[in-house]
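Given these sequences and hints, build the entire structure.
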Amino acid sequence: MFLKALRLSLVLWVLIGLVYPLVTNVFAQVLFPYQANGSLLEEDGVVRGSLRIAQPYTGDQWFHPRPSASNYDALDSGGTNADVARADYQAEIIARADAVRDESSGIVQAVPNDLVTASGSGLDADLSVPAALAQVPRIARATGLSEEELSAIVARHTVGRELFLFGEERVNVHELNQALRERGVR
Amino acid sequence: MSDQYHHQKIDGQKLTNKAKNVPNNPLSAALIRTALKDAWLKLDPRKMITSPVMFIVYVGMIVVFLLVIDPNLFGSTKVGRDYNLAVFLVLLATVVFANFAEAVAEGRGRAQAASLRKTKTETMAHLVLKDGTIKAVPSSTLKKGDIVRVREGELIPADGEIIEGLASIDESAITGESAPVIKEAGGDFSSVTGGTRVISDEILVQVTAGQGESFLDKMIALVEGAVREKSPNEIALTTLLAVLSLIFLVVVTTLVPISRYLGVAIDIATLIALLVSLIPTTIGALLSAIGIAGMDRVTQFNVLAMSGKAVEASGDIDTLVLDKTGTITYGNRMAYEFIPVGGAQQKDLIDAAYLASLYDETPEGRSIVDLARKKGAHIDEAYVSGAEGIDFSAETRTSGTRFQDGTVYLKGAVDAIVNKLTANGKRVPGDLQASTERIAKEGGTPLAVLKGETLLGLIYLKDTVKEGLKERFAELRAMGIRTIMLTGDNPLTAATIAQEAGVDDYVAEAKPEDKICVIKEEQARGRRVAMTGDGTNDAPALAQADVGLAMNSGTMAAKEAANMIDLDSDPTKLLSVIGIGKQLLMTRGALTTFSIANDIAKYFAIIPAMFMLAMPELKMLNIMQLATPQSAILSALIFNALIIPALIPIAIRGVRYRPTSPDRLLARNVAIYGVGGIIIPFVGIKLIDLILHGLFGV
Amino acid sequence: MIDLLMIIVFVLLVTVFMIAIGTYMYRIFFFTEAPFDRLFLPVERVIYRLSDIDEDASMNWKTYAASLVVTNFIMMALMYLVLRLQAYLPLNPAGIPNMPPALAYNTATSFITNTNWQAYSGEVAMSYLAQMLSIIYPMFTSAATGIVAAVAMVRGLTGKSPLIGNFFVDLVRTIIRLLLPLSFLVALILVAEGAVMTLKPYVAVTTFDGTVQTIPRGPVAAYESIKHIGTNGGGFFGANAAHPFENPSPITNLIHMLSMMLIPSSLIYMLGLVLKKKKQAWVLAGAVWFIFLSMFATVYISERLGVPALTAAGITGGNMEGKEVRFGIAASSLFTTVTTAATTGSVNNMHESLTPLGGFVPIAQMMLNNVFGGVGAGLMNILLYVLLAVFLTGLMIGRTPEIFGKKIETHEMKMMAIALLTHPFIILVPTALALALPGPVQSILNPGSHGLSEVLYAYDSGAANNGSAFAGLDADTVFYNTTIGTVMMLGRFISIIALLSLAGSMGGKVATEGNVVSLRTDTPFFGAIYVVVVLIIGALAFFPVLALGPIGEQLVMWFH
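Chains A, B and C are the protein sequences, given in the same order. full-length UniProt numbering numbers the first residue of the first sequence as 1 and each following residue consecutively. full-length UniProt numbering numbers the first residue of the second sequence as 1 and each following residue consecutively. full-length UniProt numbering numbers the first residue of the third sequence as 1 and each following residue consecutively.
Derived from the structure by calculation, the hints contain no laboratory data. Check each hint, because a few of them may be wrong.
Claimed, not checked - Computed footprint of chain C on chain B, listed as stretches where at least three residues anywhere in the stretch have a Cβ under 8 Å from a Cβ of chain C:
(1) 315-321
(2) 420-430
(3) 489-497
(4) 519-529
(5) 590-600
(6) 686-697
To be verified - Under the rule of at most 27 Å between Cα atoms (straight-line distance), these lysine-lysine pairs were calculated in the DSS-like manner:
(7) Lys520(B) / Lys509(C)
(8) Lys414(C) / Lys47(B)
(9) Lys78(B) / Lys143(B)
(10) Lys414(C) / Lys230(B)
(11) Lys309(B) / Lys414(C)
(12) Lys4(A) / Lys62(C)
(13) Lys309(B) / Lys279(C)
(14) Lys309(B) / Lys277(C)
(15) Lys520(B) / Lys160(C)
(16) Lys230(B) / Lys200(C)
To be verified - One side of the interface only, derived from the structure: several residues of chain C facing chain B at Cβ under 10 Å:
(17) Ile7
(18) Phe10
(19) Phe30
(20) Met396
(21) Ala432
(22) Ala436
(23) Leu437
(24) Gly439
(25) Ser518
(26) Val532
(27) Val533
(28) Phe542
(29) Trp558
Where is the CB? At the ideal position from N, CA and C, for every residue including glycine.
Following this line, the structure appears as structure tokens:
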């Protein structure tokens, strides 16, 4: 029985461990090369990131992604693992919310939760629509673009729920900032 | 073994109490007094360890007792001695209540055993030596194989087989039945029981059981509960209860470091209170009482179960294999109808049948007289005087009466009468054939009636199904139990009786050996089979059956092969025994469910109480609004103790059982013991808390 | 409102797949001829020939269990070797060093037991080859092991023989006919939706902000599909299914969830087909869905309500800490419920950052370990509780309890007792031990009730072979690596062996023909009884520790 088990284990090892992923790899590379290789963003032939992985857009002129536990280090994905019931955590989030209000010169009052909390992966490139709109007054001030135009950009890049049911309405930070770059923002 | 069933109404619902020495009140004052004493004696740790659940309580009780002596034994604590004392007393009560339940159940058996033991006094036996001389020896010295002589008025000194002679024997000491029974050498009625009395004639008995192994000894041991072994289902249930207890032991033990991490110190007495409240003490305390009481209920039915396993198995029966004769029917054919032939008057036939049966003392004859009277037979007293009976003989196959005027009235087998007529050159009525066939087809026996040389007609003798049986079988069917009837009759007759009695299946022209085949066939389909028997050739089938009920009147071989013996020798008892088996299992299940369901309320009482000081917000879980933490814990614990004696009557009597479909039974029991088990402790604990807080200011 | 519609559609989708795959599995395991024989049989025959396996030999429970254990340990040794030697082997573009022995042992144990507890982070600790040979490989074989054990148990409970099948043949058929084709198809769909599938190296980029970012890649989609179909749960990346490359869109999220539910639910349906009583399957599935939906409602409502202090400060939208915007609260709550119901252990949001009551749900589901449960193990646990419910209530109809016409007697009860006791024992005892020792307490990120939840979650996850974590706990220490490793082993193999033994002894029993007298297990009434028994027996053991952990913390958060 031991020998049978050993031989079977080895046969399956080759089949599952090598044949299966390699075959899948070939199909994926042929059928969906863009997605399979990481949905990479290129600018003038140079890879600048991945559409799905958030980057630190720090300047006031950019749409900021959500806070990241690892400061957008893609080799250290993960969340803060904060205990949301703790007072020090709550104080930190409230401070961030106050900062958002200040940046908007008091226009924003209700702060969307996702804008002030860290994502699970630390690499979330999406924002909820309110979280994007909450940044519009700051960006308008920094870039000179009108709030209406910025809101229109947000609206244009908003993706709805999939099949009207699954997930949430959202907007990708890379796409928003790309739209800003197209309008000359640097 | 026929007459005694005649007027016995078969009704399992009324557990007629025949054994005279058993107190009718299940919980008489005397019994309770003895049981209370025994409950304390059972605190012996060697006895306590047999129940894993109660043993945990017992150990906990001892630990808390140490804490009463020194509250800081396991590290300093704020908890006072009074609280520990209170916990200790409640734990002690829990253990004593559990012991009391067992003692009550045992006490009832013991009362019965005591009355049996009275009959087991030392007697002198008359041992027949090899040379034929007789020597008087004490009965206790008898060995297996010895031969003793027993005369009128003497007690039979030991169990044995009659090897010579015939005697009528009073077995009331064992069966409670006052009518004597006839026993004789050879055949199926040769076994006698030690302690019974010969009231006529003289017999030679070969001893079959040595001292201490006699039937009476076994019986005493059984009813006393001395040889009680745990039955399979009881072991399975004990395993479940043990593992639940073990789980809660782990829960409570690990709670110490876990709560210490949160800065909460739990005192030992409270921990033990939590443990005892959570482990299934209710069923743990009552489990053995339920088993003993189940055996006891069987015994009260005058059935002797050789093991608890047999009683349990009877609850599982899927198929009953029953003999027709004596079990389903009265076994003796009775007059049912008078059918005139050849243009004879009905009235003449009735009178003739009556007259022909005047001296016939057999049950058949009596039934003809009864029926004739009922149908208005009229006879002249004067005419009858001086008449003499003509006995039945195997040669003539007829019997009758010869009157002083020379007229002879005869009745007998149809072919015998027809032969007699044709031999004398007389005419046989043409419609006789058709009527005879009709009776035979319906499963009856025709008797021809002859007045002089005129054939007046037929008496239709019918094997009658016992009163109430049909309803009983219908009940069994509702419970999912099939009945199979075995009969030596031809298929036609068998079919008729089967239909009349409402059995599910039948085997016609069955030989005694067929029983075991039927049983094996059923068992191969995964069914549990019960049967009754009395003859030596029933023994293999009795042993093969899951429940074999032997008649006490039967042979020793049958009795030894069976796992139950009916002292009244009534085969229909089987139906009642099934009910008792079911009741036993139901009681166990119901009280287990109740016990486990109680835990929900106990958690809601104790957990907030334990941690409210450290985490005041946990008071939200105190949904019963119990007054103080200590009151909450004590209330749960006291409820846990009090529920044991409160449920003793149910454990002893068994939960109410009515033959009905399993689904309805389940729904009813789940409603009472499951839902009730969740709700009752909420109410009970709250009430106790009100009392503790209100009256004692805990 | 849309969220309500979402959950309804989800239940319907699971049900559709349950019927399809359940029927397919019934054909694979209970018939000599199954669909696509022409395609699969030749492949299987080659494997049998290479491994010298007699495909017609049926085994008793002892041989079956022994083959299962021996095969698993051989596989574990192979995996361990690769982890220890990955630096010298090909397909290691990031130049990742060999794994240290303790961590390699913990990892091999974790994946062979279908737990997928990860004390490492894939991006920095594992080469592509190791991901394939030490992770993807056991993801298939451990899932197949669970499935075949459940199939063997069903054979014992319902069959007419103490022989319960051939472990090797069952294993091969499961992999060839079920897991490989499904994983391949699902992997391609995931890639189409944006999941990564490449053997090309990591890319270092200069971001638009001018900082440097290294984007890890790898054969992710092939890994993700079997990770969920086999209820494995280990992440290719540290962030697991919250990572945009593992779970790029709400659609992949839905596929992940459906994949997790697929085999656990199908096994229930297969049981109904084997019994020729589909009603039985519906009753059990209904009962399990009831618990599942109650759990989902709890975490969903709790997350929507969020943290009172933050709401009071004008922060809207519930609790998004540790969640991804593309999933939001509804799909995150559902994923949390699914992954701990089917004991996968993959996460699309960080469970440690759930509200306390939200965190209660995964902990409680892993404690029950039978809300669908992992592939195979779930059905085995469901049947364990069915047996228990039958034993408790069956007595109340006045008969020795029977399941599917067979009596539950002493031996069965002993095996049930072992399985029942193991779970609370291996959760509570090490939790208490960890909290009592000064060293292990240092690993806790958030002290107090939440810290208790962290440690409790770790052992709960190991015992249920789930693998998810309250990730704040620093579990890569000698103490946690060894104790959690042991807990995973015991949690996996004790109950499999005990329940196979039970199946073997039941297989030798003759079932009563016709079930008029028995307790009916295919009625809604029994379904209700099942739920109550699961909640009372399964939950009572954990009530105190839950009251001190998540429940207490939630009450404090609400009422302090």
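Hint check:
1. 315-321: holds (count 3)
2. 420-430: violated (count 0)
3. 489-497: violated (count 0)
4. 519-529: holds (count 5)
5. 590-600: Coverage by chain C holds for the region 590-600 of chain B (7 residues, Cβ < 8 Å).
6. 686-697: Coverage by chain C is violated for the region 686-697 of chain B (0 residues, Cβ < 8 Å).
7. Lys520(B) / Lys509(C): Within the cut-off at roughly 15 Å; holds.
8. Lys414(C) / Lys47(B): 24 Å, holds
9. Lys78(B) / Lys143(B): Violated, at about 70 Å.
10. Lys414(C) / Lys230(B): 15 Å, holds
11. Lys309(B) / Lys414(C): Since the Cα atoms of Lys309(B) and Lys414(C) sit roughly 19 Å apart, the hinted pair holds (cutoff 27 Å).
12. Lys4(A) / Lys62(C): Given that 27 Å is the threshold and the Cα spacing comes to 16 Å, the pair holds.
13. Lys309(B) / Lys279(C): With a Cα-Cα distance of about 34 Å, the restraint between Lys309(B) and Lys279(C) is violated, given a limit of 27 Å.
14. Lys309(B) / Lys277(C): With a Cα-Cα distance of about 33 Å, the restraint between Lys309(B) and Lys277(C) is violated, given a limit of 27 Å.
15. Lys520(B) / Lys160(C): At roughly 17 Å apart (the allowed maximum being 27 Å), Lys160(C) and Lys520(B) satisfy the hint.
16. Lys230(B) / Lys200(C): 69 Å, violated
17. Ile7: Since chain B brings no Cβ nearer than about 28 Å to Ile7(C), farther than 10 Å, the hint is violated.
18. Phe10: Cβ of Phe10(C) sits 31 Å from chain B, so the hint is violated.
19. Phe30: Violated: closest Cβ of chain B sits about 21 Å from Phe30(C), beyond 10 Å.
20. Met396: Nearest chain B Cβ about 4 Å off; hint holds.
21. Ala432: 4 Å, holds
22. Ala436: 4 Å, holds
23. Leu437: 9 Å, holds
24. Gly439: It is violated, given that the least Cβ distance between Gly439(C) and chain B is near 13 Å, above 10 Å.
25. Ser518: 7 Å, holds
26. Val532: 7 Å, holds
27. Val533: Hint on Val533(C): holds, closest Cβ of chain B at ~9 Å, below 10 Å.
28. Phe542: OK, holds: Phe542(C) within 10 Å of chain B, min 8 Å.
29. Trp558: 8 Å, holds
Against the hints set out earlier in the document, violations occur for numbers 2, 3, 6, 9, 13, 14, 16, 17, 18, 19 and 24.
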